[in-house]
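Trainee: Residue numbers (my numbering), protein chains in the order written: chain A, 1 to 289; chain B, 1 to 289; chain C, 1 to 289; chain D, 1 to 289.
Treat the hints with caution; some may be incorrect.
Which copy is meant is left open, because identical chains are indistinguishable; a pair holds if it fits in one copy or across any two.
[Stated by the list, open to error] Computed cross-link-like contacts, DSS-like style, restricted to lysine-lysine with a CA-CA straight-line distance of at most 27 angstroms: (1) Lys106 <-> Lys57; (2) Lys194 <-> Lys23; (3) Lys57 <-> Lys151; (4) Lys151 <-> Lys23; (5) Lys151 <-> Lys111.
Note that these hints are calculated values from the structure, not bench results.
There are 4 protein chains.
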Amino acid sequence: MSDIYIIAGGDMRFAALAEEFGKKHEVYLTGFDKLTSDLKGCVCTEKPCRLSIKADKLILPLPVTADGVMLNAPFSEEKIFLEELLPLVSEKTMVFGGRAGDEVKKLFAGKGIGITDYFEREELTVLNALATAEGAVRIALDEPYMLSGSKILILGMGRIAKALIRVLSGFGADLTAAARKSSDRAWAEVMGCKSADISALSESGALAEADIIFNTVPALILDRKLLCECRRAFIIDLASAPGGVDKAAAAELGVRTVHALSLPGKASPVSAGRIIGRTIENILNEKEV
Amino acid sequence: MSDIYIIAGGDMRFAALAEEFGKKHEVYLTGFDKLTSDLKGCVCTEKPCRLSIKADKLILPLPVTADGVMLNAPFSEEKIFLEELLPLVSEKTMVFGGRAGDEVKKLFAGKGIGITDYFEREELTVLNALATAEGAVRIALDEPYMLSGSKILILGMGRIAKALIRVLSGFGADLTAAARKSSDRAWAEVMGCKSADISALSESGALAEADIIFNTVPALILDRKLLCECRRAFIIDLASAPGGVDKAAAAELGVRTVHALSLPGKASPVSAGRIIGRTIENILNEKEV
Amino acid sequence: MSDIYIIAGGDMRFAALAEEFGKKHEVYLTGFDKLTSDLKGCVCTEKPCRLSIKADKLILPLPVTADGVMLNAPFSEEKIFLEELLPLVSEKTMVFGGRAGDEVKKLFAGKGIGITDYFEREELTVLNALATAEGAVRIALDEPYMLSGSKILILGMGRIAKALIRVLSGFGADLTAAARKSSDRAWAEVMGCKSADISALSESGALAEADIIFNTVPALILDRKLLCECRRAFIIDLASAPGGVDKAAAAELGVRTVHALSLPGKASPVSAGRIIGRTIENILNEKEV
Amino acid sequence: MSDIYIIAGGDMRFAALAEEFGKKHEVYLTGFDKLTSDLKGCVCTEKPCRLSIKADKLILPLPVTADGVMLNAPFSEEKIFLEELLPLVSEKTMVFGGRAGDEVKKLFAGKGIGITDYFEREELTVLNALATAEGAVRIALDEPYMLSGSKILILGMGRIAKALIRVLSGFGADLTAAARKSSDRAWAEVMGCKSADISALSESGALAEADIIFNTVPALILDRKLLCECRRAFIIDLASAPGGVDKAAAAELGVRTVHALSLPGKASPVSAGRIIGRTIENILNEKEV
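With the rest of the complex left out, here is chain A (with noise of 0.2 angstroms):
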């Protein structure tokens, strides 16, 4: 007899998870009520108190909620309080969560649950990367220039970092990746791309040649000062908010500026879904052998 999941909540990322798990489980959904089209091979109901049944799994959104009362769940017409989630549980059942935060985890821990936080693994963080750099590349070809030939700064030499030089290593531009450590340094040059010393952008002249720049650094690196010397470069900042570009000191200087957050569950909702369903599979593995 096959597991009984629930998914309870969530974008277009669990909608899509949802299509996934239901190949191969019994899945149930609730708080998806909005969405038009039916899920292929998942039960739909509106309220949670709908489902006369326990989850042997229960999946719940990215994140959870926002204030730690309601379920995130907007394809729900209805609200939903997160202890309504509360009856589909057992002792045996395993819950599964995106940055759950303290209330989340006591409300469950009443009941002797755990959950398991799928946003704090690594794989999730390596291909969610991926994910936020094809959908910064997709930004930046809505340029009017190609990126064939264009000069592209990096600001950083992370996870992101590594997979845009990766995606963009097909298109031609001219990379060069701006890092503190001279082991990240070193990164760039085994990808195959130029470095810089991020710590001495300006003796580089690389902020003046640049066409675009990729920020993925979450501390303020683009100041008024090295703003100036942007002169035709359009930012796109990856980095988590605030961001690493004085937007101030950018507008007043003409410096084109597009902060673009979440990119993963915005431009591949249904691969960053697959991404979260392929995550908990691991873990479930892992909690076999």
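With chain A fixed as given, assemble chains B, C and D onto it according to the hints.
Mentor: Chains B, C and D alone, transformed into the frame defined by chain A:
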């Protein structure tokens, strides 16, 4: 003393070309009065008659004219007759135009002047293929899933197909190129992708598996029978009108299809203008030798 | 009943081809007696006369003969005359050979049989270009420095040059391709490398900077004057004899040069044999249709 | 006045480093008397005692010594005791060495001088991984078949594995990377190759299919049981001694294996020397700040 260039009519591409040429030459414009911002390094006029000079080089748009009578000048408030251009040329003027038809040729032949068609140049075709590939990838990136890991089928193995393979190479997609000639299939392998015989698409199973199909062949390749096999494919048809897809059948069968024409001018007008500029420079350099 | 293939003579490529064909056909060999290990799935004989069968397909080596009289059979202890092959064919036999000259054609024409030259097929040329590129990169890797970060100049933009650009693309070298035609230089850009005008190599400074030069042009490109500019370059000449380098001048000037000929057969005999086999299969498939 | 560098002992890497430093600094050498050609920009001596100067920077080889007593100086006719180096340093001298052991540290500590170990620097490790990857690909290219189209299995997903994936990316091989951690398998996908669970190699079928296996994991991965599955693989073991392959079992089972150690110094000594030089420069730059 530097040469006088007159650029008459055209879209954003020719505005970009004007700015590029304005860096090195004395450039006059006619037919760009609707542009709100000035073009750097260029002298603008509304009507050709306002220019009381002779051009050393006269650059006409792509295409020069739609009806054989009026200049193709979307940025001009008033209509400009091709005849109005004649006072701008002397027998020493070199005239360049894109897809200049018989009427245009005849008009200038009356003044003893031939027209060099930059659109017939191979390097322009090659670079436009690259611009087309970037534009096509941008369309593909609008899909709700990532290109990484998706199955992409490219029909044809000409310039656009080769540019597509190259541009897509960093995305980690599963690429198959289908061509009729065995040597073209060999090229697909040299470029690192799988190949299939386009005359035996059904047998290959490539259609059924494809997430995205790029068609580059200007012939009816995807007929009703083959479209029936496209289970989930989104088709991006890059072949010039009427394209390579039975659109009526596709609509009926629910196979999503977009016919993306003239991508260089639409998706990358600045680069497309520079490509035309570079082609004209190549022609001039070759004449000098 | 399956077809009888006789493979007569040839080097390691034809041993590999024999094993490949031995998986699907009834394969007899002659001229391979020096090979110490048996070829899987094949029946070996020393002299053609020992084979008392007629071939459905007779496969001759590349080249078929050096002198028009003896079969090219380096793995045979005894010499084999071309004439000795005649008893193996009937008028229904298809004969394949590589670079078959007039003597060979005449010999079989006497029996009413034409020879299909697989070496003239475009797909073989394309795949051999890739094998050549791999062999050439292997030579370059013998240098005491890494290809990553080195400056590489490729002369020409034909098949081998394109394959080289592709194979080298992961090494992070600084690639420049030099070609005469502006459309070929456009291709270089599409493939993500810099381009130079081969008619103006001196002006480009590319020779002075190059660490490695791959020549693919079968004409005297690197004459004494240009060789004087090669400050540190190691030249790998891939053009068929007499090659594209003034060897006497290079030796005198101390510019290291290697003339690397017939790389597919030397560096990748197994693959080169499979390529010939695949080409023959393509020919047979096309005949069937 | 420029600093005085003394380079004492070492192999070709340190000769290359000396020439590199000779372009900018005053460089003295000891322990290179066997080198037949002069090193550009350097003053050579046989024995340290012939140098009547103090070094601002003293550069010792990698490793500094094999036995804790004699300097590692393969290009020296005579043996050089580590003690002989002491007169070359003052308390202002900075001493650099690779894998300097306790004896060496103690010796210089007696003079109040610490040794900076460049071999512990992350950027050196990263760039050496790239040099290792190039050397490993060179070994693979000696196989009689092309890498294009061959099936390559990479065990591990550390620095060398990542560099290998990158370097191999232009060859069109069918790449699979096997790793234990799911995040490492995610990285494999980001880099465009397939992934497998190294703890379940048997189940994946990857061993049976592989033409070439690169091992980068310093643990016994390929034991007798797994080696039995390697039907045609050639194994290139890049893990430091004792490597990751049961060599006795491999020999018995006829699985060809090469243990390729210290590839940077062997395959690309000039680059490996420059990498050490660059690392030392990074250290000096960081001290300045």
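Trainee: Please go over all the hints and tell whether each is borne out by the structure.
Mentor: So, going through the hints one by one against the coordinates:
no. : hint              : verdict
1   : Lys106 <-> Lys57  : within (18 angstroms within a copy, 61 angstroms between copies)
2   : Lys194 <-> Lys23  : between (45 angstroms within a copy, 23 angstroms between copies)
3   : Lys57 <-> Lys151  : neither (48 angstroms within a copy, 31 angstroms between copies)
4   : Lys151 <-> Lys23  : between (45 angstroms within a copy, 20 angstroms between copies)
5   : Lys151 <-> Lys111 : neither (56 angstroms within a copy, 44 angstroms between copies)
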